[in-house]
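**Q** Spelled out from the first residue to the last, the chains are:
Protein chains: 2
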Amino acid sequence: MMLKLFVDRMSQPSRALLIFCKVNGIDFEEVTIELFKRHHLSPEYEAINPMKQVPAIEVDGEFKLFESHAILRFLACAFPGVADHWYPADLFKRAQIDSVLDWHHSNLRRGSVGVLLNTTFGPAFGLPLNPQAAAEAEKTLSSSLARIESFWLKGDGKFLLGSSEPSIADLSLVCEIMELEALDEKLHERILGPHEKVRKWVDNTRNATQPHFDEIHAVLFQAKERLKKSRSNEGSGGTNTN
Amino acid sequence: MMLKLFVDRMSQPSRALLIFCKVNGIDFEEVTIELFKRHHLSPEYEAINPMKQVPAIEVDGEFKLFESHAILRFLACAFPGVADHWYPADLFKRAQIDSVLDWHHSNLRRGSVGVLLNTTFGPAFGLPLNPQAAAEAEKTLSSSLARIESFWLKGDGKFLLGSSEPSIADLSLVCEIMELEALDEKLHERILGPHEKVRKWVDNTRNATQPHFDEIHAVLFQAKERLKKSRSNEGSGGTNTN
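Chains as they are written, first to last, in the numbering used here: chain A, 1 to 242; chain B, 1 to 242.
Just so you know, these hints were derived from the structure itself, not from any lab.
Take the hints with a grain of salt, since some may be wrong.
Each pair may be met inside one copy or between any two copies, as identical chains are not told apart.
[As the list claims (entries may be wrong)] List of simulated lysine-lysine pairs, DSS-like, C-alpha gap at most 30 Å:
1. Lys-64 <-> Lys-139
2. Lys-200 <-> Lys-37
3. Lys-4 <-> Lys-154
4. Lys-93 <-> Lys-64
5. Lys-52 <-> Lys-93
6. Lys-22 <-> Lys-93
7. Lys-139 <-> Lys-224
8. Lys-64 <-> Lys-158
9. Lys-139 <-> Lys-52
10. Lys-186 <-> Lys-64
11. Lys-228 <-> Lys-4
12. Lys-4 <-> Lys-229
13. Lys-200 <-> Lys-228
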């Protein structure tokens with residue numbers, strides 16, 4: 001199967017997909033669609049994904065698919081080398097992973113994207129920063145993190161649902177939370193600080209997917225340093241162009 | 001398998017689940033959790049679904065599951081009598097249905113719930129009506145309906161993805177759109193009026209699932225009549241208590 005991934009490593013679901021393929025030895029061609037350069041809005045990319053979002057995949061030059069959770073489910077089933085724990089064949093276990101993934105979209109992801117756009121990345125997409133929307137999104141995000149801690153991570157398992165090995169849900173949610181690294185340090189501490197169990201689980205997922213986890217996140221860490229420098233310049237009366 | 005469905009027929013994902021079980025001859029016990037009476041917030045129900053939402057299921061008094069898409073996937077796979085078209089075993093077809101379902105949560109559902117809460121149902125949950133939030137949600141809803149028409153319903157198939165038979169995605173999205181029946185008639189016409197192809201597909205899904213579709217929607221149609229009467233009383237100087 002010839003697999004093309006249309007991704008931007010600055011996008012959290014793109015990273016989940018890249019790490020998944022690398023960890024599972026799935027061969028692919030990485031096609032970068034730079035969001036900050038609006039490449040996702042080009043007519044060429046619209047032919048791949050009419051919803052103009054990353055990630056998307058193309059299989060054997062023909063079959064196209066978007067929505068990161070659908071892609072992760074598909075790859076886990078279509079490539080026989082993928083270990084069962086990523087998306088178990090057992091219907092009861094699989095259903096619980098589906099439940100986490102569906103919950104993610106309406107809760108953690110909604111909060112996280114709202115905070116990131118309205119405090120940090122909005123201007124890069126031509127959107128104003130909106131403090132009121134940021135505050136509302138932070139509530140959703142914080143309550144989602146609390147839910148992860150009290151429910152999805154309850155018990156002694158290293159991963160979601162009390163599991164001893166990661167699933168596509170761990171990878172998807174952890175990549176979402178990693179995106180918060182781009183936030184101002186004080187805001188990051190305010191949001192993640194109270195959730196030790198979440199931070200430990202992020203570490204577990206990182207450790208279970210190394211060295212790919214750090215390799216794929218390198219772009220985000222570089223962006224974090226640039227943003228930090230730019231904020232510190234602003235604070236000392238410098239400009240963004242220094 | 002002993003199946004309990006915790007549902008409220010006024011909730012669109014609850015209805016999708018009920019219709020799915022009835023059409024496929026799946027035996028179940030219906031446990032009504034009345035949202036308007038806040039029964040979903042009770043400690044008893046929290047033990048079933050800690051996220052305090054309907055629907056949820058319980059299998060053999062033990063296995064609990066929430067998130068309607070996860071439940072529909074699970075039932076389609078766990079009950080051998082369910083026809084393949086509802087959630088095909090073919091990985092490519094299945095992946096596309098997953099893609100529709102995931103897209104639904106961040107687009108159509110988000111718009112629809114925003115419009116319904118901020119124009120109609122908010123006060124029943126102790127929330128104010130918010131015209132600005134309603135206007136924003138209407139944009140999301142209208143662009144989602146346009147997307148369904150131009151992309152998911154492209155071609156000549158009677159159902160989503162050019163299919164000749166319905167899937168769990170048809171049922172889930174159509175039940176979402178049916179909830180808009182509760183809106184004021186002018187608003188309903190403004191939102192659905194421009195989308196003839198969507199209205200035809202709603203009819204196709206209804207016809208493919210009768211008589212269960214109408215039976216399960218009866219509560220919604222009754223609510224629609226009550227709301228209509230109440231609006232007309234308000235318009236003629238009457239009150240809600242007439």
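**Q** Next, verify each hint and record whether it holds.
**A** Evaluation of the provided hints:
In the homo-oligomer, the alpha carbons of Lys-64 and Lys-139 lie at most 30 Å apart only across protomers (27 Å), although the nearest pairing inside one protomer, at 36 Å, exceeds that limit. Taking the shortest alpha-carbon separations for Lys-200 and Lys-37, neither the intra-copy value of 35 Å nor the inter-copy value of 39 Å comes in at or below 30 Å. Taking CA atoms no more than 30 Å apart as the test, Lys-4 paired with Lys-154 passes between copies only; the shortest distance there is 24 Å, against 37 Å inside one copy. Proximity of Lys-93 to Lys-64 under the C-alpha cut-off of 30 Å is found in both arrangements, the shortest distances being 27 Å within a copy and 11 Å between copies.
For a Cα distance limit of 30 Å, the shortest separation of Lys-52 from Lys-93 across copies, 21 Å, qualifies, whereas the shortest one inside one copy, 32 Å, does not. For the identical chains of this complex, Lys-22 and Lys-93 are neighbours both inside a copy (24 Å) and across copies (25 Å), given an alpha-carbon limit of 30 Å. In the homo-oligomer, the alpha carbons of Lys-139 and Lys-224 lie at most 30 Å apart inside one protomer (23 Å), although the nearest pairing across protomers, at 33 Å, exceeds that limit. For a Cα distance limit of 30 Å, the shortest separation of Lys-64 from Lys-158 across copies, 21 Å, qualifies, whereas the shortest one inside one copy, 34 Å, does not.
For the identical chains of this complex, Lys-139 and Lys-52 are neighbours both inside a copy (28 Å) and across copies (17 Å), given an alpha-carbon limit of 30 Å. For a Cα distance limit of 30 Å, the shortest separation of Lys-186 from Lys-64 qualifies neither inside one copy, at 41 Å, nor across copies, at 39 Å. Taking CA atoms no more than 30 Å apart as the test, Lys-228 paired with Lys-4 passes in neither setting, with 33 Å inside one copy and 52 Å between copies. Proximity of Lys-4 to Lys-229 under the C-alpha cut-off of 30 Å is found in neither arrangement, the shortest distances being 35 Å within a copy and 56 Å between copies.
When the C-alpha separation of Lys-200 and Lys-228 is checked against a cutoff of 30 Å, the pair qualifies only within one copy, where the shortest distance is 24 Å, while the shortest distance between copies is 53 Å.
In this structure, the hints that do not hold are numbers 2, 10, 11 and 12, in rising order.
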